[in-house]
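Now for the letters of each chain:
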Amino acid sequence: MEHEREIMDVAIEAGHILLENGAEIFRVEETVYRISRHYGINTGSIFTLSNGLFVTADSVGAEPFAKVIHVPVGSAHLDRVAAVNQLSREIEEGKFTVSEARAELERIRTMPGKTYRMQVIGAALGSAGFAYIYGGSPIDSLAAFIAGAILYIYILFVSRPHLSKMVGSITGGAVATVASMILYGLGLGEHLNYIVIGSVVSLIPGVAFTNAIRDITDENYLAGVVRMLDALLVFFCIAMGVGVVYAVVQRLIGGVVF
Amino acid sequence: MNLIAQVFAALSGTIGFSVMFSVPREYYPLCGFVGGAGWLIYCLVLPYAAVPEATLAATVLVVLLSRLFAVWRRCPVTIFLIPGIIPLVPGGDIYWMAYYIVMNQMEMAAEKGFEAVKIAVAIVLGIVFVFQVPQKVFRLAVDTAKRK
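The listed protein sequences derive, respectively, from chains X and L. Note that my numbering has the first sequence beginning at 1, numbered continuously upward. Note that my numbering has the second sequence beginning at 259, numbered continuously upward.
Do not take every clue at face value.
[To be verified] Chain L stretches covered by chain X per the calculated footprint, using a threshold of three residues with CB under 8 Å from any CB of chain X:
no., region
1, 308 to 318
2, 356 to 368
3, 393 to 401
[What the hints assert, rightly or not] Partial list, computed: chain L residues near chain X (C-beta under 7 Å):
no., residue
4, N260
5, L261
6, Q264
7, G271
8, F275
9, V277
10, A295
11, P305
12, I352
13, G371
[As the list claims (entries may be wrong)] Calculated pairs, DSSO-like style, for lysine-lysine (alpha carbon to alpha carbon, straight line, at most 30 Å):
no., chain 1, residue 1, chain 2, residue 2
14, X, K165, X, K95
15, X, K165, L, K376
16, L, K404, X, K95
17, X, K165, X, K114
18, X, K95, L, K376
19, X, K95, X, K67
Hints in this document: simulated from the structure, not taken from any laboratory. Virtual Cβ for every residue (Gly too), placed ideally from N, Cα, C.
Please construct the entire structure, taking both the sequences and the accompanying hints into account.
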C-alpha cells in the first residue's frame with residue numbers, strides 16, 4: 001500500500017529534522033506518533049537513539065513497513081525544531097494533506113540558517129557577556145568579544161567542516177587561548193583568565209548537556225547517556241586545549257604565571 | 259549598580275547564544291529575559307548560600323520561566339531552556355581546573371573540579387524536579403493571565 005509508506009515517510013522526516021537539530025528524544029517520538037496517528041496509522045512504533053531512528057508500522061492489509069535512519073548529530077537549529085513543532089500541531093488540526101506536509105517539511109529542512117556574520121556576532125556577544133559575569137572587567141569583556149569572534153570564525157571555516165569534534169574542541173580551546181594571550185600582550189584586557197574563560201564559551205556543549213539531562217529524566221537512558229558523554233568529552237577537550245597552550249607558553253617564557 | 263551590569267551581561271550573553279543556536283528572531287527578547295532572570299536570582303541568593311545552592315535556585319526559575327513561555331508562545335521549551343541555562347553551566351570552574359592542573363596545583367584543581375560537578379548536579383536536580391510539574395499548571399497560569 002503506497003499510501004501507508006508515504007505517511008510513514010512524512011512522519012519519519014519530521015522526526016529526522018527534530019533529532020538532527022537538537023530536540024529531545026521524547027519530542028521526536030511523540031511527533032512521529034502524532035503525525036502517523038492523525039493520518040490513520042495506529043500501528044506505528046518507534047525507537048530513537050541519539051543518532052538514529054528505527055520505525056516500523058504493520059497495518060492490517062498493508063505490507064509491513066520498517067525503516068532505519070542514521071542521523072548524524074549536526075549543529076543545533078532550534079528554529080527548525082520550532083517549525084516542525086508548529087507543523088505537527090497544524091497537521092493534527094487537519095490543516096495539511098500528506099503531500100502538503102511533505103512539501104512543508106522540505107521547506108523546513110532547507111530553511112536558511114543565520115548568516116555567518118550574525119553567528120560570529122552572536123558568539124562574540126556571548127563571550128563578552130560571560131567574561132563579565134565570570135568575574136572580568138568591562139575591558140576584559142571587550143577583549144573576550146574579539147577573541148570570541150576569532151574563535152567562532154575558526155569554528156565556522158576550519159573545525160566544523162574539516163575536523164572531528166574532539167580535535168575541533170581541543171584546537172578551538174587552543175585558538176581562543178592564543179588569541180586571548182595576544183590581545184592581552186598587546187595591552188587589551190586586565191585579567192587573562194577571564195578573557196580566556198569568556199572567549200571559549202561558544203565551544204560549551206550547551207545543547208548536548210541540557211538534552212542529556214532531559215532525556216535521562218524521561219528515562220531515555222541510552223540516548224541521554226550518549227549525549228552526556230558527548231558533552232563531558234567536549235568539556236574535557238576544551239580544557240585540554242586551553243591547558244596545553246598554557247603549558248607550552250609557560251615552558252617558553254619560563255615560569256611566568258599569568 | 260554592579261548587579262544591573264551583571265544581569266545585563268548575562269542577558270546579552272544569552273541572546274548571543276540564541277543567535278548561535280538559530281533561535282527564531284522573535285524569541286530573542288524572551289531568551290534574554292530567561293537568562294537574565296536566572297542570573298539575577300543567582301546573584302541575589304549567592305551572599306546567603308553556596309554556589310551550587312544558588313545555581314539550583316536559578317535553575318528552578320529558568321526552567322519555570324522556559325516552560326511558561328513555551329506554553330504561552332506555543333513553541334518547544336528547548337528554545338528558552340538551552341540558551342537560558344548556559345550562564346549557570348560551570349564553565350568557569352572547568353577552566354580553573356585545567357589552569358591549576360597545568361600550574362601543578364593539584365589540590366586547587368581537585369577543588370575546582372569537584373565544585374563543577376556539584377554545580378552540574380544542582381542544574382540536573384533543578385531541571386528534573388521542575389519538569390515534574392504538570393503541564394496543566396502552566397496552561398492555567400497562561401490562561402488566567404490572558405483573561406485579565
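Okay, which hints does this one fail, numbers in order? Hints 1, 3, 4, 5, 10, 11, 13, 14 and 18 are the ones this structure does not satisfy, whereas the remaining hints hold.
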